[in-house]
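As given, the protein sequences belong to chains A, B and C, one line each in that order.
Here the first sequence is numbered in this note's numbering, starting from 111 and rising by one per residue.
Here the second sequence is numbered in this note's numbering, starting from 27 and rising by one per residue.
Here the third sequence is numbered in this note's numbering, starting from 27 and rising by one per residue.
A portion of the hints provided could be inaccurate.
[Unchecked claim] Computed from the model, here is a short list of chain B residues facing chain A with C-beta under 8 Å: (1) A58; (2) R105; (3) L132; (4) L135; (5) S136; (6) A139; (7) D167; (8) P208.
Quick caveat, the hints were computed from the structure, so don't treat them as lab data.
No residue lacks a Cβ here, since even glycine has one placed at the ideal position from N, Cα and C.
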Amino acid sequence: MQVTSTIHADIKTPVSISPVSVKTGVVADTHDMSLRIYQTPVQHLPEDLYVPPQAFAIWLEQFAGPLDFLLYLVKKNNVDLTQMPILPITEQYLAYISELDTEHFELAGDYLLMASTLIAIKTELLLPKPQTPTDERDPKAELIERLEAYAQIKGASQRLDNLVRLERDVFLAMVSMPNQDIMSAELPSYSPNLLIDSLFKMQLQPDYHMQTHTIKVDAVPLADRIASISRQLSTNGARSFYQLLDKSQGKIGVVVSFVAVLELMKRQLVGVASTEGEVEVEVDNQLSQLTLQWLA
Amino acid sequence: MTTVDKAKQDSNKQSNNKQETTSRHIEALLHASEAPLTANAIKKHLSLSSQELQQALEVLQERLSNGVLSLNETASGYRLQVTDSYSALIQRVFPQRQERLSQALLETLSVIAYKQPVTRSDIEYVRGVTLSSNILRQLFDKGWIMEDGYKDTLGRPALLHTTAQFLDAFGLTHLNELPPMPDMAAIRAKS
Amino acid sequence: MTTVDKAKQDSNKQSNNKQETTSRHIEALLHASEAPLTANAIKKHLSLSSQELQQALEVLQERLSNGVLSLNETASGYRLQVTDSYSALIQRVFPQRQERLSQALLETLSVIAYKQPVTRSDIEYVRGVTLSSNILRQLFDKGWIMEDGYKDTLGRPALLHTTAQFLDAFGLTHLNELPPMPDMAAIRAKS
Chain A
111 MQVTSTIHAD IKTPVSISPV SVKTGVVADT HDMSLRIYQT PVQHLPEDLY VPPQAFAIWL
171 EQFAGPLDFL LYLVKKNNVD LTQMPILPIT EQYLAYISEL DTEHFELAGD YLLMASTLIA
231 IKTELLLPKP QTPTDERDPK AELIERLEAY AQIKGASQRL DNLVRLERDV FLAMVSMPNQ
291 DIMSAELPSY SPNLLIDSLF KMQLQPDYHM QTHTIKVDAV PLADRIASIS RQLSTNGARS
351 FYQLLDKSQG KIGVVVSFVA VLELMKRQLV GVASTEGEVE VEVDNQLSQL TLQWLA
Chain B
27 MTTVDKAKQD SNKQSNNKQE TTSRHIEALL HASEAPLTAN AIKKHLSLSS QELQQALEVL
87 QERLSNGVLS LNETASGYRL QVTDSYSALI QRVFPQRQER LSQALLETLS VIAYKQPVTR
147 SDIEYVRGVT LSSNILRQLF DKGWIMEDGY KDTLGRPALL HTTAQFLDAF GLTHLNELPP
207 MPDMAAIRAK S
Chain C
27 MTTVDKAKQD SNKQSNNKQE TTSRHIEALL HASEAPLTAN AIKKHLSLSS QELQQALEVL
87 QERLSNGVLS LNETASGYRL QVTDSYSALI QRVFPQRQER LSQALLETLS VIAYKQPVTR
147 SDIEYVRGVT LSSNILRQLF DKGWIMEDGY KDTLGRPALL HTTAQFLDAF GLTHLNELPP
207 MPDMAAIRAK S
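Bound-form chain A, shown alone:
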């Protein structure tokens, strides 16, 4: 098990890393792959150190993905990218990935996809070549092409990061507005519902793909309707569609509200309340008689 011992020497110790830093990708920031415990590089780890799968997942999160990881393996083997030896790299890749615990499927997905690609290439290389040349692309060449394209973007991203950046290298001046403005600003008073709606919006941003449904330069923003309807239903349990409307928004408001309800139903946050065993909503039934309920 030569490979496994290499893994152990490479893996981070199960140091406590706050979920915040993992989530925001601070860990993934470290470009060099040396071991670090609290920012301090560590040169040697005991050979027989037990590394729990969670720690391996954290270690893997230092990579921006399977391509980044493959690049690392290629560099580690000190070979030219175009001469990438598929067989040993595939073995190493799979050995690492097998350490991944099933709990980390989310992380593993992209890595497993890459593993299957590698296995496919490996199989192809081991099988005797057919006499008649096929039209199909050489999967190994394709993988190398992708690796090159990825390496180029990774390099470009480092150059981008080296530019003088606002709010890291230079700072905007922040000043307060005149007192008189603040005095007149005391007049508008805000509804506490704005706060709750903002939290709903934070969680329930409509799909980016749904932005086409926003009607007429945001006369009634879909996100606002989704937030407001969610708030009303979650506080009251159930309400009729008519009750959910904001009368001041007119016809467009009805349309946007309906789209909002559909979006919430798609997310299984809202359901149609069936009264008296009547499940079907008749087509010619008034929309306003539709009763909706909060499911979350």
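Knowing the structure of chain A, use the given hints to seat chains B and C on it.
Just chains B and C now, with coordinates in the frame of chain A:
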């Protein structure tokens, strides 16, 4: 001019230069700070005595008088503010500046209101995006939030709370009148 | 001094005063604006000719040079920022203002910047990872990317572009100022 006078003048000049430099450092900090800066904070960050601070602040005030800003001392510290005489101009050009609260500002305010006391990174964790200094600055400017105390972790980050002015602006008399917070975890799990 | 000379001097003085006032108005507007202001917007709000604007901006720059701010022209207009010689001080005193970007976010941003317009799945193909909605959210939140148009394939996915705010944030005035992509030959060779 006697030699003594000359020496005195030179030393005055040097001390003026130093005050000038210090006043610029203070100005830069005031432009960069999210919250108003207390005299103590400025003294600590720039290693100044009370007297040095006072002198540098005077130099700063003098220099600012050529432009549109003034040094303003509030209950929670010093900040730079556009002079009142430009208020009409600003309101004419940016009439909607006051009423509209951006989604990012409301989200930040909600997190502070419901989870207080919170640190900056608590807010970033809940919202999943980095917090722009400008938003915190706006909340401090409106007087809706304040710093009070420190969290006992690495870097001792300041703890943020809402203020009485926040309650006023939202028509509340007590924090327990805030509308109940929705079950965020349930929503997140479903969507 | 002849009467003509005197009149000329007076008129010069008046025009100087006017430029001084205009420069203050510009300064106040730049402070009050949430985004950089274009030359056209300033001209419109203050009813200035191009020449008057140019002169007032020079006066403003001159006055600012006594303090810590500088007038910067970016892709989307003029803005006031703290002169970069004070950056180190600000970074020391307010480390939380120093925004770090994760590698995943930078890579995603680079794909969009260099290959635009791209779809979500273009980004996923180049990076070999499923794109987390959190990263897209951060980029939208910062206003660095926008959706514009659709690709004419199955599902009509939205096309992503970078914005003027992206250029502003990275100190660029045009996309062709992006640093060149690394050379392929260098990438192929073993490191």
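Going through the hints against the structure:
With its C-beta approaching chain A no nearer than about 5 Å, A58 of chain B sits inside the 8 Å limit, and its interface hint holds. At its closest, the beta carbon of R105 of chain B sits 5 Å from a beta carbon of chain A; the interface hint therefore holds under the 8 Å criterion. Below 8 Å, beta-carbon pairs count as interface contacts, and L132 of chain B has one with chain A at about 4 Å; its hint therefore holds. For L135 of chain B, the shortest C-beta to C-beta distance to chain A is roughly 7 Å, which falls under 8 Å, so the interface hint holds.
At about 4 Å, the closest approach between the beta carbon of S136 of chain B and any beta carbon in chain A falls short of 8 Å, and the interface hint on this residue holds. Taking 8 Å as the C-beta contact cut-off toward chain A, the hint placing A139 of chain B at the interface holds, the least distance being around 6 Å. For D167 of chain B, the shortest C-beta to C-beta distance to chain A is roughly 5 Å, which falls under 8 Å, so the interface hint holds. Residue-level restraint check for P208 of chain B holds (minimum Cβ-Cβ distance to chain A is 5 Å; threshold 8 Å).
Checked against the numbered hints given earlier, this structure breaks none of them.
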